[in-house]
Amino acid sequence: MIEDIASFASQYIYAVVFSAVVSTGAFVTSKLMSTRAYRKRTALFTISLLGSFSIAMGITSACLFHLYTMGYGAPYHVACGDISSSYIVAICTGWVALMGSAFSLTSVFGTVNYYFGRRIVTWLFNVKPLSESQARKLYVILTSLSRKAGIERPQIGLIHCSTPSIFSVGRKQESTIAMSVGLVETLSDDELEASLAHEIAHIKNKDCLIKSLASSLKFAVPFNFLGYLIEPTIHRDREFLADEESAKMTKKPKALISALLKLYESSTMGSANGVFTGLQMRLLPRGLGRWSTFSRHPPIRERLKRLLELEYGSGASP
Amino acid sequence: MSKSTRWIGFRPHEKKLSKVLGDLEADIMDVLWRIHHGNVKEIHKEIGQERRAAITTVATVLDRLHEKNLVERELKKDGGLHYEYKPAVTKKQFEKTVAKTVLEGLFEAFGDSAISYLVDRAAIKDKKTLEEFRRNLEKLKLEAKSP
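In order, the protein sequences belong to chains A and B. Taking the working numbering, the leading residue of the first sequence gets 1, the next gets one more, and so forth. Taking the working numbering, the leading residue of the second sequence gets 1001, the next gets one more, and so forth.
Wrong hints could be hidden among the right ones.
Stated by the list, open to error - So, partial list: chain A residues that the calculated Cβ filter (under 7 Å) puts toward chain B: (1) Gln134; (2) Ser162; (3) Thr163; (4) Gly182; (5) Val184; (6) Glu185; (7) Thr186; (8) Glu265; (9) Ser266.
To be verified - So these bits of chain A aren't anywhere near chain B, every CB distance computed over 12 Å: (10) Ser34; (11) Phe116; (12) Arg119; (13) Val121; (14) Ser144; (15) Gln155; (16) Pro298.
These aren't lab readings, by the way, just hints derived from the structure by calculation. All residues carry an ideal CB built from backbone N, CA and C; glycine is no exception.
Kindly generate the complete structure, drawing on both the sequences and the hints.
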């Protein structure tokens, strides 16, 4: 029996070591990539997280299969009073169930968000659909940007709130860009166009799905601590990519810089009624969130720096 | 201002309206009482003459004031989407509500001492007013005793 326990423990250690090696490899490779290789880095990290998850699930499932086929199933050992093996089976089964459930649950949330995001957001933030006749100017800008991005024109949803905020939800074929009245009344036309282009880039790049998948995998492989570095990096890269694509789409990086600064200023005041601005989203405790390594949103200074580089070339700084 | 007044926190060492509101909140209320109504751009322009604040910050603070039921807003769709803001209470009503809330709190906590100080401070000599004060104090004491 001792050998069985040792064998199981060693298999488990293999799972941890393999996952760590895969993630470390991905992390080191990402450091060798160009700062702006957002898509490649996302692909590399997603594959490494999927690899970690598959290895962990594979090895644990194999152990479980081995224990059952060798006749150490729970009913046999309960009958024989052999508690140790029952424990192994229970731990093994529990572990597979836990990882599987975490992955399934977060994946379901991600998929639901991707496919039914529009309806959820409408209900959650009390977003009122805005018709074309009510906001002709916004729809003209949106039509032009959607055409450039090659996606179906999103619907505009209005949040009744003075605090400026904007976010997108949905997929290429069916999406909503929700914005507060405060955003429309405080940003200039160019700034609004730049903000809309940023959200359209998110929709075009399927960021909603990618971010959900990264979060699912992070929760599904809790022992892989590098996941806690990789997942926020994916989130930050998607923001940088959306900034870059917005600047290229509108050819007005300065407008996005100005919009970001305005949103940043209001976000430092704190939201009045719970509606968040992109810049305020933090899932980590406030103190930890300040460590940009663990923060899902890139620091404003870095975003401005990269946008200024697009306008003036490398070496520019805010 | 019929809704909750729980947001009223009294800071005796601050100046004027800042005793109960944030600095920018106080400035915005002053502007709204002066101009009666306006959109965020107009309010920001007025504020800009007194202090530097981004228009987005003014908008966020207007949200807070709306939450506190001090500001009403109406969505306008002509000339671009925007809110038209106006004060939900007059300056007099606001001052009365604050004074009532703060004094009730003081009477509840420090009954006799608060009344005695108020009488000294206001130098009330009028018998009728003093009698009214005494009655109100008794009423408060009874309320405090009742479960």
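Do the hints match the structure? See the list:
no., hint, in the structure
1, Gln134, "holds, 6 Å"
2, Ser162, "holds, 4 Å"
3, Thr163, "holds, 5 Å"
4, Gly182, "holds, 4 Å"
5, Val184, "holds, 5 Å"
6, Glu185, "holds, 4 Å"
7, Thr186, "holds, 5 Å"
8, Glu265, "holds, 4 Å"
9, Ser266, "holds, 4 Å"
10, Ser34, "holds, 33 Å"
11, Phe116, "holds, 27 Å"
12, Arg119, "holds, 23 Å"
13, Val121, "holds, 19 Å"
14, Ser144, "holds, 18 Å"
15, Gln155, "holds, 15 Å"
16, Pro298, "holds, 19 Å"
Of the numbered hints listed earlier, not one is contradicted by the structure.
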